[in-house]
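Chemist: The chain contents come next:
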Amino acid sequence: MIDNQSSDEVLVRKLQQSSSKRVQQQVIDLLFSRYSNKMLEYFYYSLNKDKEKSRDFVQDLFLKLLEKPELFDTNRKFKPWLYSVAANMCKNEFRKIGTENKYNEFVSNELKLVDDKPAAEKFIINEALSHLKQEHKIHLILRYKFKMSIREMSEVLQCPEGTVRSRLFYVTKELSKYLKR
Amino acid sequence: MDNKVIIQELTERFDFLELTEDHKEMVLLEMSELEYDHLRETIKMTVNYFENEPQLLADNSLKPVIEKDNVLLRIINYKIPTYKVAAAIVLMVSFNFIASKMLNNDAVEIVENESIVPEESSFEEFQKYSSNNSIKYNRGFARLY
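Chain order of the listed sequences is A and B.
Here the first sequence is numbered in our numbering, starting from 1 and rising by one per residue.
Here the second sequence is numbered in our numbering, starting from 1 and rising by one per residue.
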């Protein structure tokens, strides 16, 4: 029997060890309820707000977890590990489709129709974000959307904390350049 | 620690006017006050942007479902390698062949005794009439002469 209060790490260990399909389903149900919304948003912002693709990626991510739970290193924390798997999935996708940004045109056209100030601000940020490279944008998403600490980000991005901070500094600076225009 | 790393932390938390004199000095070595404020404004706008975006919900259709085992289907769909099937057929045929051979060897030929009419050989004829006092047996049913 699975305890709903079990930590993520305990759950994944159960998934690795148990051959019972009932237990595996319970574990996946719990992890899905804890992380599916966050993962959907993560993919949504990372993949230029492509809802359908984000849904596919969420499905793939949990399927991967179910089929290959042994990929999880039990010495690591589950949450940053899951985000790093998601980040790698996005990186592979960027490599596949290139860095072209179809989103820009859509934002620019929409912006012309907006009079409302907060909505206009939202579109300006949208456009500025869309100019950033995908691997840079991920820093802003993790920090300001998911409110991750620098330590968590360093675990997700698998680089030292100092590197995360300096990258954040440069990405913010780059974003501010687009906002000035 | 690199100044930029510290400035990044400061821009997230303080306006320029809230900084200590030491921090102000350090910031001014890297950028103007205006640039600092602009960075700070960028961070605020980004946070605001993400906070005001509608929350996305993942429905259960995205959740992987483990199919329950159907024993009958598993048996039907079970793929046996061709060489195993061939080996099984060879075994069955050879077993059948060997068994039939063994049965043939053990079989006893049934003879219908009633249809056999014992023939009297010349020796038996001789025995029959050689002495009047001897007891003589014929083949088949014992008959006393």
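It is possible that part of the hints are untrue.
[Said to hold, decoys possible] Just a sample of chain B residues kept apart from chain A, beta carbon distances all over 12 Å, derived:
1. Thr20
2. His38
3. Val47
4. Asn52
5. Ile66
6. Ile76
7. Tyr78
8. Ile80
9. Val93
10. Ala99
[Said to hold, decoys possible] Quick list of the computed label-pair ranges, beta carbon to beta carbon:
11. B:Phe14 <-> A:Ser20: 51 to 61 Å
12. A:Lys180 <-> B:Leu28: 13 to 23 Å
13. A:Ser20 <-> B:Val93: 26 to 36 Å
[Said to hold, decoys possible] One side only, chain A facing chain B, incomplete, derived with CB under 7 Å:
14. Leu30
15. Leu31
16. Phe123
17. Tyr144
18. Arg165
Hints in this document: simulated from the structure, not taken from any laboratory.
No residue lacks a Cβ here, since even glycine has one placed at the ideal position from N, Cα and C.
Chemist: Take the hints in turn and mark each one as holding or not.
Modeler: Here is how each hint holds up against the structure:
{"no.": "1", "hint": "Thr20", "in the structure": "holds, 19 Å"}
{"no.": "2", "hint": "His38", "in the structure": "violated, 5 Å"}
{"no.": "3", "hint": "Val47", "in the structure": "violated, 5 Å"}
{"no.": "4", "hint": "Asn52", "in the structure": "violated, 7 Å"}
{"no.": "5", "hint": "Ile66", "in the structure": "violated, 5 Å"}
{"no.": "6", "hint": "Ile76", "in the structure": "holds, 19 Å"}
{"no.": "7", "hint": "Tyr78", "in the structure": "holds, 18 Å"}
{"no.": "8", "hint": "Ile80", "in the structure": "holds, 24 Å"}
{"no.": "9", "hint": "Val93", "in the structure": "holds, 39 Å"}
{"no.": "10", "hint": "Ala99", "in the structure": "holds, 42 Å"}
{"no.": "11", "hint": "B:Phe14 <-> A:Ser20: 51 to 61 Å", "in the structure": "holds, 54 Å"}
{"no.": "12", "hint": "A:Lys180 <-> B:Leu28: 13 to 23 Å", "in the structure": "holds, 20 Å"}
{"no.": "13", "hint": "A:Ser20 <-> B:Val93: 26 to 36 Å", "in the structure": "violated, 43 Å"}
{"no.": "14", "hint": "Leu30", "in the structure": "violated, 11 Å"}
{"no.": "15", "hint": "Leu31", "in the structure": "violated, 10 Å"}
{"no.": "16", "hint": "Phe123", "in the structure": "violated, 10 Å"}
{"no.": "17", "hint": "Tyr144", "in the structure": "holds, 5 Å"}
{"no.": "18", "hint": "Arg165", "in the structure": "holds, 4 Å"}
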